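Model the full assembly from the supplied sequences, consistent with the hints where possible.
Here's the letter readout for the chains.
Protein chains: 2
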Amino acid sequence: MSPFASTPAAPYYAVIFSSLRTPGDAGYGEMAERMAELAAGQPGYLGVESCRGADGFGITVSYWRSLDDIAAWKAHAEHLEAQRLGHQQWYSGFELRIARVEQARSKPAR
Amino acid sequence: MSPFASTPAAPYYAVIFSSLRTPGDAGYGEMAERMAELAAGQPGYLGVESCRGADGFGITVSYWRSLDDIAAWKAHAEHLEAQRLGHQQWYSGFELRIARVEQARSKPAR
Chain A
1 MSPFASTPAA
11 PYYAVIFSSL
21 RTPGDAGYGE
31 MAERMAELAA
41 GQPGYLGVES
51 CRGADGFGIT
61 VSYWRSLDDI
71 AAWKAHAEHL
81 EAQRLGHQQW
91 YSGFELRIAR
101 VEQARSKPAR
Chain B
111 MSPFASTPAA
121 PYYAVIFSSL
131 RTPGDAGYGE
141 MAERMAELAA
151 GQPGYLGVES
161 CRGADGFGIT
171 VSYWRSLDDI
181 AAWKAHAEHL
191 EAQRLGHQQW
201 YSGFELRIAR
211 VEQARSKPAR
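Protein chains in written order, with the working numbering: chain A, 1 to 110; chain B, 111 to 220.
Note that these hints are calculated values from the structure, not bench results. Since this is a predicted model, take the numbers as computed values, not measurements. From the three backbone atoms N, C-alpha and C, an ideal C-beta is built for every residue, glycine too. Please note that a few of the clues may not be correct.
Here are the simulated distance ranges between beta carbons [as the list claims (entries may be wrong)]:
1. L190(B) / A10(A): 38 to 46 Å
2. S2(A) / L190(B): 26 to 34 Å
3. Q193(B) / L67(A): 29 to 37 Å
4. S2(A) / R144(B): 26 to 34 Å
5. A75(A) / L177(B): 38 to 46 Å
6. E78(A) / L190(B): 43 to 51 Å
7. Q199(B) / G56(A): 25 to 33 Å
8. M1(A) / A119(B): 32 to 40 Å
9. G44(A) / G163(B): 20 to 28 Å
10. A77(A) / E188(B): 27 to 35 Å
11. A54(A) / A150(B): 19 to 27 Å
12. Q199(B) / E78(A): 42 to 50 Å
13. A54(A) / L177(B): 17 to 25 Å
Derived list of chain B stretches under chain A, where covered just means 3 residues or more per stretch with a C-beta under 8 Å from a C-beta of chain A [what the hints assert, rightly or not]:
14. 113–121
15. 124–137
16. 162–172
17. 195–204
18. 207–214
The following block contains the structure:
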């Protein structure tokens, strides 16, 4: 499966979530998988790209049709619980930025 | 050093560069270091966040004051050469998205 998100022509929205994991799993892997699956089923979801380095620092960018779709996903009950645990246990720090994608280009052969 | 970028209040711009590396180094590590150093000295540069997983997929998000600053960095002679080599040798695929950051929040204790 390609790690790239196949997004439509701009404009659309990106949620840039950068985070530093605390040591150990503590249920994180299972929850991350569940959230990826759940997000993919939400209205306006366009795709996701994600990586984490050996130092525990990771970036996940999810793409959405509109700010309203992002707000609805943020308020989803299961996602709220994941956010709470993330804040309490899984992340020693994070930054979340919401941005409007205005231009895009790619190297298509991959 | 913190892996997080200390960005100002929104709005500002993000260049989201996701890429899949070809196997082997072939001068990539040295060039990546040089480009990070060079970018940091450009007008309007606000910071960068970057990670790459063991599968070779990585995301680098650089933050800028304006679209003009991004365009100037894209056209920088040394950076043009790096872009050429990236396209030819280092990346089997990439996506580059330019986005206007409109909202941000963080977990400050880190």
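Practice prompt. Please name the hints from earlier in the document that this structure breaks, with their numbers sorted from lowest to highest.
Written response: Numbers 1, 5, 10 and 13 - these are the hints that the structure violates, sorted from lowest upward.
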